[in-house]
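**Q** The chain contents come next:
Protein chains: 2
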Amino acid sequence: MKAKRRYSAAFQGEPGAFSHSAALKLLGETVEPIPCASFKGVFEALREDRATHAVIPIENTLHGSVLENYDNLMEFGFPIRGETSVRISHYLIAMPGTRASEIRRAFSHPVALNQCRRFFAEHPRIEPTPFYDTAGSVKMLAEEHPAGAAAVASEAAAAIYGGQILRKNLEDNRKNYTRFFLLTKQKKPPQSATGAWKTSVAFGASNQPGALFKAMACFALRDLNLTKIESRPLPGKPWEYLFYVDFAGSTDDKPVQRALQDLAETTPLFRILGSYRPTP
Amino acid sequence: MKAKRRYSAAFQGEPGAFSHSAALKLLGETVEPIPCASFKGVFEALREDRATHAVIPIENTLHGSVLENYDNLMEFGFPIRGETSVRISHYLIAMPGTRASEIRRAFSHPVALNQCRRFFAEHPRIEPTPFYDTAGSVKMLAEEHPAGAAAVASEAAAAIYGGQILRKNLEDNRKNYTRFFLLTKQKKPPQSATGAWKTSVAFGASNQPGALFKAMACFALRDLNLTKIESRPLPGKPWEYLFYVDFAGSTDDKPVQRALQDLAETTPLFRILGSYRPTP
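For the protein sequence lines, the chains are A and B, in the order given. All residue numbers for the first sequence refer to our numbering, where the first residue is 18 and numbers rise by one. All residue numbers for the second sequence refer to our numbering, where the first residue is 18 and numbers rise by one.
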């Protein structure tokens, strides 16, 4: 009997990375993880059919948009078919048998260590120790068993590598969320998608006063509600800008179609990035 | 004879960090560096007069806006008095006497190492090794002299710690720039500021269709040219948004004053972050 066809998700980082958690939310617990070294590698895995889906971070509440992935969306052209948010919560993880009082070093990515400054200030005997990846630091503990060592990573990373959680919620700021997009060549949206439809588009605007105002008019005319707007200078084209806009509605809706026709007519560059329903 | 009063600049990172390079551009070569461990620490140094100025990164062409620093701008309320951009270029740095052929490890912040993937792919004998800071990795080489080791950091870091540059421009993407703001309690803008005036403001908008369109109308009515727009959800207030807008002009200009009056009248939250002339 042929095994049931499984979804696979390419993401950046080791199994147990926050992108992996997003993939589990979007595609269910049976999704096969396809870890990649870089964001570009994630897009290449989807292009070469080494994964049925790709999961990419697009913005974080503390660090802002991941412009590199907007560039990749424009370059590779895969449609956005899903969206979810993951709370970034850091756990102190050690191998079973290690006591909390023995811990002298905690390995993790410096960005994660930096988000746990208060914990390290209150525990001066534990030295924050940079490592290339959050989940990868738990993997390293499991493989090398260094003495007096712990890792700072996700709950999922503890489960995957058999780590023991010594302490939860090490992060200073609890309002730390990352938003992820789901990309796939498949037409079918994920079953987990139950939120109201959203659409993401990119368009160019010249450095003329009112250029963005005119573009906004295409949406305002139809009472379409914008949920995100972001501008970036076009590389190599000083004084020209690319805008990324998310708004409520789907490209199947007539008013959305008319707004996008207006936008395509009046802006020098226009691209629909996708319509999708968020996974709560 | 009393020594001439010097400027001092608080910034995040070790001396030789890219923020330090921005401080040198903005305030001249004689500026005293006040290194801080965190962005919040930079704002606190300015509040407590441990520095005459603060220099903070606000956006990067690959990684987007540093939302954490927008939050700090709102919280601390210091006006923006200057702006500059620094090209992020990575150098392979070793202590004098170390030959290129001996290098087996290159220390740096993982974000910097990740921006030099091509170099490491072409030099598989050199292992990228995570460290807490780019400039800090050169400082560590100078202090500890580990065998066969190099660092990936700025040209300035090589000069400060007596490092030798073995190779320039390790970064994969040459379009890697970071934009910095200069903050100070002083009224006088820096001498280096020669560009055309710009103003940054923040305002709230409710989740009503057309709310942003109406806000944009305040600028469009006066032909004021927007150079950046960014939205972020208000933490703890679902469906409400905060917008950051940069536009050409100064709060000394009458049309700017009128646009900002309109904006203050029609938006639920409004703040002028500052008017400034860029340092080229």
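These aren't lab readings, by the way, just hints derived from the structure by calculation. Please read these numbers as outputs of a predicted model, since none were measured by experiment. Don't take each hint at face value.
One copy or any two copies: either way a pair holds, since identical chains are not told apart in the list.
Stated by the list, open to error - Simulated pairs of lysine-lysine, DSS-like, Cα-Cα distance not exceeding 25 Å:
| hint | residue 1 | residue 2 |
| --- | --- | --- |
| 1 | K231 | K156 |
| 2 | K185 | K205 |
| 3 | K57 | K185 |
| 4 | K156 | K271 |
| 5 | K231 | K245 |
| 6 | K245 | K156 |
| 7 | K205 | K57 |
| 8 | K57 | K271 |
| 9 | K215 | K245 |
| 10 | K215 | K231 |
| 11 | K271 | K245 |
| 12 | K271 | K185 |
| 13 | K192 | K57 |
| 14 | K271 | K215 |
| 15 | K156 | K185 |
| 16 | K57 | K156 |
| 17 | K271 | K205 |
**Q** If a hint holds in the structure, say so; if it doesn't, say that too.
**A** Cross-check of the supplied hints:
1. Taking CA atoms no more than 25 Å apart as the test, K231 paired with K156 passes in neither setting, with 52 Å inside one copy and 52 Å between copies.
2. In the homo-oligomer, the alpha carbons of K185 and K205 never lie at most 25 Å apart, since the shortest distance is 37 Å inside one protomer and 47 Å across protomers.
3. In this assembly of identical chains, the alpha carbons of K57 and K185 lie at most 25 Å apart only when taken from different copies (24 Å versus 32 Å within one copy).
4. Taking CA atoms no more than 25 Å apart as the test, K156 paired with K271 passes in neither setting, with 50 Å inside one copy and 61 Å between copies.
5. In this assembly of identical chains, the alpha carbons of K231 and K245 lie at most 25 Å apart whether taken from the same copy (17 Å) or from different copies (16 Å).
6. In the homo-oligomer, the alpha carbons of K245 and K156 never lie at most 25 Å apart, since the shortest distance is 37 Å inside one protomer and 41 Å across protomers.
7. When the C-alpha separation of K205 and K57 is checked against a cutoff of 25 Å, the pair qualifies only within one copy, where the shortest distance is 24 Å, while the shortest distance between copies is 45 Å.
8. Taking CA atoms no more than 25 Å apart as the test, K57 paired with K271 passes in neither setting, with 35 Å inside one copy and 47 Å between copies.
9. Both within a single protomer and between protomers do K215 and K245 lie at most 25 Å apart by alpha-carbon distance, with minima of 11 Å and 23 Å respectively.
10. Taking the closest pair of Cα atoms, K215 and K231 come within 25 Å of each other both inside a single copy (21 Å) and across two copies (22 Å).
11. Proximity of K271 and K245 under a CA criterion of 25 Å is satisfied intra-copy only: 21 Å inside one chain copy versus 30 Å between copies.
12. Taking CA atoms no more than 25 Å apart as the test, K271 paired with K185 passes in neither setting, with 48 Å inside one copy and 54 Å between copies.
13. Taking the shortest Cα distances, K192 and K57 sit within 25 Å of each other only across copies (16 Å), while inside one copy they are farther apart (28 Å).
14. Only within a single protomer do K271 and K215 lie at most 25 Å apart by alpha-carbon distance; the minimum there is 14 Å, versus 40 Å between protomers.
15. Taking the closest pair of Cα atoms, K156 and K185 come within 25 Å of each other only inside a single copy of the chain (19 Å); across copies the shortest separation is 34 Å, beyond that limit.
16. Taking CA atoms no more than 25 Å apart as the test, K57 paired with K156 passes inside one copy only; the shortest distance there is 23 Å, against 32 Å between copies.
17. Taking the closest pair of Cα atoms, K271 and K205 come within 25 Å of each other only inside a single copy of the chain (21 Å); across copies the shortest separation is 54 Å, beyond that limit.
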